[in-house]
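Colleague: Listed here are the chains, written in short residue letters.
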Amino acid sequence: MGAYEIDPVGLGAVMLNADVHVQNLRDDNTLTTALSSAESAAKDVSVVVEALSSFEANLAIPAKDNIISLCEGRLVATQTLVDAYVEASAEQGENARISSEAIDTARDTLDRDQYGAVDLNEL
Amino acid sequence: MARFPQLDKLDNWPDPQTIRDAATDLNTAGEKYKTEVDGAKTEWSSVTDYYQTDTGLQIQLAGAFNLPSDRAENLATALGEAKSALNTWAGAVEALETRNTDAQAAAAAFPGGLTSDDPAYQEEIDRINGLINGVVTDYETANEACAQTLTGITVPIANEHGQALGWGGITTGYFETILGQVHYEYKPPTTPTFSRREFLRGLPNLAQGLDPDGRPVKLDVPEPDFNRDIQMTHTGTDADGNRLRQPNGIRIGGGALSVLAAGFTFASERQKAEERLLQENPNLSEEELENEVGQETLVRGGTAIATGVATGAIIGSVVPGAGTLVGAGVGLVIGTGVAVALELSGWQDDINDFVMDGFNKYVPEGIQEGVGEAGDFVGDLVTGNWGELFD
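Taken in order, these protein sequences are the chains called A and B.
The C-terminal position of the first sequence is numbered 123 in the numbering used here, with every residue numbered one higher than the one before it.
The C-terminal position of the second sequence is numbered 391 in the numbering used here, with every residue numbered one higher than the one before it.
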């Protein structure tokens, strides 16, 4: 059990505002369009087309997806804490204590992002 | 056309301005990503107004968007480098356009008033071919330079599964030919991953060779494809141009273990090679024998070590935090276990044979002898000084 003080409304607002940017990232096709334009611009120059294609498949798009995934992981972890706090408040009133399971889940979500699926060299 | 064999290579060149526009769009995309993530980070900065915890229980949410922001900056930098490469290429193409036009005009005007029995007829053909070939060569050089720059762009995170670990031809990925060079393509492990917390909780089970929940660990070791044409470049880079490396833990904490294992491997390969070569050809001179044994020691022993290290790295990469001492250490230990299994099953010998065949087939004789001398030196070291360590 952990002692947390959470303002679910305020924290929820922060999450919503941050998620607006994350949603913009999800909806954005600028990168794919630009890469496609670059490949078209290279026309018959196969070495450049292949290099651009490789750049897209192995670097640009995975990096973009990773960034979105990291952002989403942070929102999910926070949501876990807020949900647990709301649940605990309903049961325990002002002295609500979040279950250690919820804390572990939130930490695991961040841990997985931080260590499980990303750049190992940063450790 | 037969008079000017490369004339068609002057057609259908890319438009420099179109390339520049696409390059600008790439850079814009990178900046846009960075702006959005930075926007999320700014919104997130007020988290501490609505969230507090006991120090010991705190989950660090305040700086949670720092990592995505750093990653977005890395991506923006990479796309900026792509823009720069494309702009340089556009400039080079543009600079060649006048020469292209002149060469095409000269070819179109041929033969003019010349007849085929005129000595100047062939001279004019040669002159025009010189113009065409010069432009084509410079154009192709510019194309290659752009491609190489694009291929060399890296970001700290290569892909969503992290960077490839280890060095050599046998890891969780595969090699593929890109632009005439063989690159390593990372393939994520198929075994399930654990969170760091799950991993630490299950450490006692892992020590007994079980997974964190106490179940037997199943490893999907891919069957080696000996018919595949592998050409090792030894550039030590993956498909993204990132340098392949072992996890930090192996480099720091496992160094002594690696040296220890390497010594045993070289010693074992040397003994096997000596026995076999003497049986096959008892008339070999001592010098020839030493050189042959040296070659096999280094090539076969090196392959075995690469397999073991790479296997350790695979397992290390399955466990989150593989770059840490614990993760890499476990990876190394399990990897060694797999390497032993390979040795017992005979696979390791198959792999060594495969590499040795390639060495004999493709490496020039002079270099083979040099390798033999180096291997002989290593062999002496491990069979001489190495044994004293355990006396």
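It should be emphasised that the hints constitute simulated quantities derived from the structure, not laboratory data.
From a predicted model like this one, the values you see are computed outputs, not experimental measurements.
Using N, Cα and C, we set each Cβ at its ideal position, and we do this for glycine too.
Take these hints with a grain of salt, some might be off.
What the hints assert, rightly or not - From the structure, some residues in chain A lie toward chain B, with a derived Cβ separation under 7 angstroms: (1) VAL14; (2) THR30; (3) ASP44; (4) CYS71; (5) VAL76.
To be verified - Not the full set, but computed from the structure, chain B residues with beta-carbon under 7 angstroms of chain A: (6) PRO5; (7) LEU7; (8) GLU43.
Colleague: Now tell me if each hint is right for this structure.
Modeller: Quick rundown of the hints versus the structure:
1. VAL14: 6 angstroms, holds
2. THR30: Check passed: Cβ of THR30/A comes within 4 angstroms of chain B, closer than 7 angstroms.
3. ASP44: 5 angstroms, holds
4. CYS71: 5 angstroms, holds
5. VAL76: 11 angstroms, violated
6. PRO5: 17 angstroms, violated
7. LEU7: 15 angstroms, violated
8. GLU43: With a closest approach of 4 angstroms, the GLU43/B hint holds.
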